[in-house]
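Asks: What follows is each chain in one-letter form.
There are 2 protein chains.
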Amino acid sequence: MNTHFPCKRISEDGYELWLRYVPVAQPALAEYRAALTHIVIDGVSATLQAARDELVFALPCLLGASVPLADTAGRGALVAGTPHRSPLIAALDLEADLAGVGDEGYVITAVPGAEPNRIVIAANTDIGVLYGVFHFLRHLQTHQPLRGLRVVSAPKIRLRMLNHWDNLDGTVERGYAGFSLWDWHKLPDYLDPRYTDYARANASIGINAVSLTNVNANALVLTRPYLVKAAALADVFRPYGIRVFLTARFSAPIEIGGLDTADPLDPAVIAWWRAKADEIYAHIPDFGGFLVKANSEGQPGPHDYGRSHSDGANLLADALAPHGGVVIWRAFVYDENVAEDRARQAYSDLAPQDGRFRPNALLQVKNGPIDFQPREPYHPLFGAMPRTPLMLEVQITQEYLGHATHLVYLAPLFAETLDADTGCAGPGSLVAHVVDGSLDGHALSGMAGVSNIGSDRNWCGHPFAAANWYAFGRLAWDHRLSTEQIADEWLRVTFGNDERFVEPAKAMMILSREAVVNYMTPLGLHHIMARNHHYGPGPWVAGGRRDWTSVYYHQAGPDGIGFDRTASGSNAIGQYCSPFRELVADLDTCPEEYLLWFHRVAWDHTMKSGRTLWDELCLRYQHGVEMVREMQRTWDALSGYVDAARFEHVRTLLAIQEKEARWWRDACLLYFQTFSGRPLPKGVEPPEESLEYYLNLTHYYVPGIPERRFG
Amino acid sequence: MNTHFPCKRISEDGYELWLRYVPVAQPALAEYRAALTHIVIDGVSATLQAARDELVFALPCLLGASVPLADTAGRGALVAGTPHRSPLIAALDLEADLAGVGDEGYVITAVPGAEPNRIVIAANTDIGVLYGVFHFLRHLQTHQPLRGLRVVSAPKIRLRMLNHWDNLDGTVERGYAGFSLWDWHKLPDYLDPRYTDYARANASIGINAVSLTNVNANALVLTRPYLVKAAALADVFRPYGIRVFLTARFSAPIEIGGLDTADPLDPAVIAWWRAKADEIYAHIPDFGGFLVKANSEGQPGPHDYGRSHSDGANLLADALAPHGGVVIWRAFVYDENVAEDRARQAYSDLAPQDGRFRPNALLQVKNGPIDFQPREPYHPLFGAMPRTPLMLEVQITQEYLGHATHLVYLAPLFAETLDADTGCAGPGSLVAHVVDGSLDGHALSGMAGVSNIGSDRNWCGHPFAAANWYAFGRLAWDHRLSTEQIADEWLRVTFGNDERFVEPAKAMMILSREAVVNYMTPLGLHHIMARNHHYGPGPWVAGGRRDWTSVYYHQAGPDGIGFDRTASGSNAIGQYCSPFRELVADLDTCPEEYLLWFHRVAWDHTMKSGRTLWDELCLRYQHGVEMVREMQRTWDALSGYVDAARFEHVRTLLAIQEKEARWWRDACLLYFQTFSGRPLPKGVEPPEESLEYYLNLTHYYVPGIPERRFG
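Here the protein sequences line up with chains X and G, keeping their order.
Residue numbering for the first sequence follows the working numbering, starting at 1 and increasing by one per position.
Residue numbering for the second sequence follows the working numbering, starting at 1 and increasing by one per position.
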C-alpha cells in the first residue's frame, strides 16, 4: 500500500469538487517533476499556512513524488510569498507587476536566470499568495506547460459573494442539495471539517464573502448565542480570505430589541443598530456587514414607517461605518398592491434615490427585473444609478431551472447579463462595467450568487451543478473570461484532461442553458412554473397574488400571447436606455429571445423562420426536448472517461431531465393550445397525457420550500 | 499508485461504518493469505451476487492480495453457498448443522480432510449465505484465527427491524444525524448509492426489516406515487434480505380514501384497507406490513370510534394476511385525560386484550412503561400477554440521552431489559424469552430499534453512535451476546485491533450509560428533560399536558422526591409479577437505581451508602460529571491509535458532553435544592450559574423536533 501518497480515491463522489488532485499524465508530468522539487514559503500566518497545506496535500498527489517544504530555494523550487515577508520574493524585483495587482491579486512566473527552474507565486498580501497558489494548482491540474508561464491577475470586482438562503432550522430556501451546511446546534464547539473544505473551495475561485442566512431573515441570528456561532465560522473562513455577512431583519429592534418601533429615523432604533453593530464586531472583528431584503414579499422594512429604502439602508450603513462594514440592500422590491408592471417597480422606487445612499451602501440588483428566469433581459437599474454602487445578484441554485435534476450550465446566463450593453453612458456601458465600478468610478463593487450548496455529499446535488458555483467565482474574479474557457477548466479539474471527453462534455454544457429555455420558457416567456415550489410547469397558475401567477406574465388569449411592455403597454421599455430601448420596442427588431417579454403577439405572427408564432413556440419546446436527448447521447458516449459512480449519477439525472422536458412541453403546449386553437405542427411529438392530467399533478414536499403537513 | 487494491482511504470519516476493510496485520495475515486464495460461489441470484460483491471488495483490501472468483475449489478456496445450488456444498454433508439454522442461519467451518485449507460458508438459503459471509468478514477484520473455525448461527428473533421516524419532507423526528436518507423527490428514478450501503450495513448485522416512515404517520405514503418510490427502495434492499414496512395512519381511509369514517368495523373501511393492501403488494410483493401508532399523542385510532386497539390491529391484520404481511401495533398508548399513572395505562388497556389479536399481529412494547428514559424498569406488559407476540421497541436515537453530542453506549440499556426476569411464568421468564417467542411458543417474534441514522456522512452523528445501531442488530440476532463482546467487535472493526486501544475504549463505552444516568436522572428519576426538544435539563417543566411535564414525574417537595408507584400510591408495581413486585415494593429492598421511580422518599432517607438521599443524589450528579471527565482522559490517551479526523471529532464532542453534564448537574441540583433546602454536600462542585440563568436558557431549532419560526 502506498502510504506516502494517500491520494487514491475509493470512488468518486464529487466531494472534492474541483480541488481534485489526481496524478498528472505525461508529458506534463515530466516537466512538472523536474520543475517542482520543493516548496519555499516564508512568513507565518494562518493564510500562508493554508497555502502551504494546500501545496503539501496537492503536489504529491499530482506528481507522485514527494515535494517537501524547505527553507531555501534551490533548483526546482516553488517559491510563494509577499515581498514584505519573503526576502526571496523581495529580491526578485516584481514590483512593476505587483503594483498592478492590488491587495488580492498575484503574479505567477517562471523565473529565468541563475535558477532556471524556479516558479514564483508572488502577491502583495498573504491572501493574494493563497489565490495564486490555487491558480497555480489549477494550471497543473489542467496539464498546462510551465515553460513561459506568466500570470498577472487581480480581481475586477471587490466583493465576490455567496448568498446562502439557509434557515436556522437547517432547511435551505430554494435549496436542492440537501440541507444547510451550518450545524448551528453544535456550533461553536464542534467545527465540522466540511467548513474548511468549503472555505478552500471558495478561496480557490476567489470568493471572499459569504452571507450565512436567508434573506427572508430571522432576527435570532443577531442575538448573542448565534453571534458566537457565526464567529466560529468566521474564524474558520478568515485564513481563506472569506468575510462573513449576516442577513438583518429590519424589524429586529422590535423582535429581539424590545423596542416598539423599527423606524429608521427613530433615535432609539438608530442607537440600537449602532450598539448591535458594536456587539457584532466585538465577536467578529472583520464582519462584512448586513445583507437586507426589506419591504418585499412580506419582509418588514422602512416603508412600514413611511420611510424610503435609502432611509433604511443608511440606518444600517451608519451603524456599520465605524467598523468598516457595508450594507447590501436588495433591489428586489415589488408590491402586489401597486398596479405597475412588476418589471418596472424596482426602478420606479429606487432610481430616483440614486445619490442618496451612504458610501458604504450597495444596492444588490438581480440580473433581470422579474426573478431569475431562464432568460430575462438585463435589469433596467443597471445604468440608471451611476451614483450608487450596484451589485449584481445571480441565482446559482436552479429555482426556476430544474432544481437538482436538470443539467444546466449557467455561465452563459451570467455572461449574457454581464456582457449586455446598457448604452446608458454611451456605447460600451456594459453591465459588467457598472458592476465592477469602472463605468461610474466606484471602488466598492460586488457580485453575489444565491448559493446552490447544501449538505449533499457532492455539495450541489447534480454533479454538474458544481460547475455553476465554479463559474460564478471565476466570473466574479474576471468577467471577461469566456464561458467556454470556464467550462473547459472545470471539466478538466473535475473529471480529467482527455480531449475526447472534454470537448463533447463542454459542448453538452454550452448547449444546456438554451435547452432549458426552449423546453420551459422560449421566446421570452417567463414565470410559468408551478406555484410555490416552482417544480415543473404551471402556465395555468392563476388566482391569489397576481404577480405570483403565471397568467399575469404570459397573458395568453385567443388573440395571442405575451406581455406588452412597450409604450402601448406597461412601458417597461421606457426604463431602458438607447439603443436597447428602441431595439426591443420594435416588433421587427426585437430579438426573438425577448419577443413575448416585451410584446403581445398574435398566434399567427410571422417569425424570422417564416413560421407562425404558434408553430415556432411549439417547435422550440420540441427542440428543447431534443437538445436534452442530444445531451444524453453525448453523455452515454463518454462512459469510458468517467468513473462509474458519477457517470451513472449523471446518466440517471439526464433521464429524469428528458422526462421532465417532455412534461414541460406537453403541459405547456396543451395549455397554450386552449388559447391558440391551432394544431401542433409537424415535428412536435404528441403529448403523452391530457391537459387535465397535467393540471391535476400534485407534488408534495418538493425540496426548497416549506410545506404544511398534508392532512 | 496501487490501482488493484483501491483501499487506501484519504481520511476516515465514518462512512464505512463497521464495513471497513483495512489491511490485516501479522500474524493473522499470513494465515489468511495461505487459506484464502480464491472464492467459489455457485448459484445465481441477486443475494448471492451481493455476497460475491462483498467478498471481492473486501478480501483484497484485507489481505493485500488478489482473491479472484473461481469456478472450482482448490487449495485455499473460500466456498459459499447452499446445498440446493452448490454441488460443492451439498457434497460436504453439513445436513446436521444446517438442519438447525433455519432459513436465515449459516454454518462456517474450516473443512478438514483432503483439502485442508478450505473455508466453507453454508446455509439453507441465499440470505443465510450472505449473513455468513458478513460474519466471516468480521472474523477476518477482528484477526481471529481460521484454525478450528466453526460457527453455527441462527437468529433468535424473527423480525429484526429498524424504525425510521422519517417524515416525507426530509426531517427526522428525534433525529440528530442530519436529515432523512430517503430522497423521496428523486425516487424512484434516482437511486442514491447510499441506499445500497445502508442495506449492506444492515445485512451485516442481520437486520431484515425496516419501516421507512414516522410513526406519527402521513397517509400520503400509502398513495400510489409514494408506493412506487417505496418499491424502488424495496428493490434495492431485497437482495440484502431487508423487507420494507410502512407506517399506516389510521385515518387514511378518510384522508386519502375519501371515506367519511375510519371505523374498523365499517364494511367500507374494511374493504378500503383490503384494496389498499392489494395495491401495495402489487408494487412490493414482499411488503412486510404496517407499523401503527394509534390513539397516542394525538394520532387517530380505533378509540375514535369506540373500538379497541385489537379491533384496530385486526382490521389491518386481516387486510395483510392474504399476502403474508403482519401488522405491528404499538403499545405506546396513554391519555392525558385518564387519571391513571401513565406508567400503568398501556397495561390497563392492552393486557385484557391478550388473545384477541390475530395471529399476524404483533404488539410493539417499549422497553419501559414511560418513554425511553436513561433507565426504566422493564415494561410490565412483558409477561402479561402470553397469547400475543410482543415485540421489544428500544430507542437507538438518543432522544433522552444526549442527542448527537453525548457518547453513550446503549447495549447495556438494551441488555438490562432483555435480561430482566419478569417471573411471570416462574423463574427465568426473561423478557428476552418473551420477545424471542420461546417462553410462550410464538413463531412470530420481533425486536425494533428507533433508528439513529440520517444523512450525516457518518450516518449517526456521533462517531460512537454507530455502535448502538451495530449493537442493536447483534442483540436482535442473539440476545445472549454480552455487551462487552459487542463493544469489542465494534471497536476492532471500526477503529482497529490494537489491544492498547480496544481495552480502554471498551471500558469507556461500558462506563458511558451509567455516566448519563448519573448526570441526568440518577436513582430512578425520569422524564426531567427540557420540554419538547428534550435537549438539556428541565426538571422545572410544569404546565400544559401533565404527563408531558417533569414535575409529574419527580414530584419534588419540601418533604422529599419521587413517584409513589407502590400500593399506597399509583400501584404501578401491581402490574408486575413476583418476585420483582415485592422486591421494588419494599423501600429497603428496592434497588436504588429504581428508588425514585417506585417510591416517594424523604430527603433525609438513609441510603445504602449511609448518606442521605439528598447527599446521594447530589453526589450521583457529580459522579456523572467525573465519569465524563474520565472518558475524556481515556480518549485523550488514545490519539496515537485513531486517525486525526475521528479522534478530534470525538474529542470535541466529549468536551461538549462534559460541559452539558455540568449544565445538567448544576441546573438539577439548584432546582431540587429549592425543595430540599439542604446544602450541596462536600465533593460537589458549586454551580457555575444561578438557577434563574438555567431557567431562562432557551434553545431554538434543536434538531429532531419541528419548531415554529421565531417571531
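Since the hints were made in silico from the structure, they are not lab data.
We put the CB at the ideal spot given by N, CA and C, even for glycine.
Check the hints yourself; a few may be wrong.
Just the calculated beta-carbon pair ranges, DEER-fashion [as the list claims (entries may be wrong)]:
id, chain 1, residue 1, chain 2, residue 2, range
1, G, P193, X, P706, 48 to 58 Å
2, X, L697, G, Q485, 48 to 58 Å
3, G, P193, X, P267, 21 to 31 Å
4, X, R633, G, P193, 23 to 33 Å
5, X, P706, G, N696, 25 to 35 Å
6, X, D197, G, P193, 12 to 22 Å
7, G, A645, X, L69, 16 to 26 Å
8, X, L697, G, S690, 17 to 27 Å
Asks: Please go over all the hints and tell whether each is borne out by the structure.
Replies: Structure-based check of each hint:
no., hint, result
1, G/P193 to X/P706: 48 to 58 Å, "28 Å, violated"
2, X/L697 to G/Q485: 48 to 58 Å, "54 Å, holds"
3, G/P193 to X/P267: 21 to 31 Å, "59 Å, violated"
4, X/R633 to G/P193: 23 to 33 Å, "24 Å, holds"
5, X/P706 to G/N696: 25 to 35 Å, "29 Å, holds"
6, X/D197 to G/P193: 12 to 22 Å, "20 Å, holds"
7, G/A645 to X/L69: 16 to 26 Å, "22 Å, holds"
8, X/L697 to G/S690: 17 to 27 Å, "58 Å, violated"
The structure does not agree with the numbered hints 1, 3 and 8 stated previously, though it agrees with the rest.
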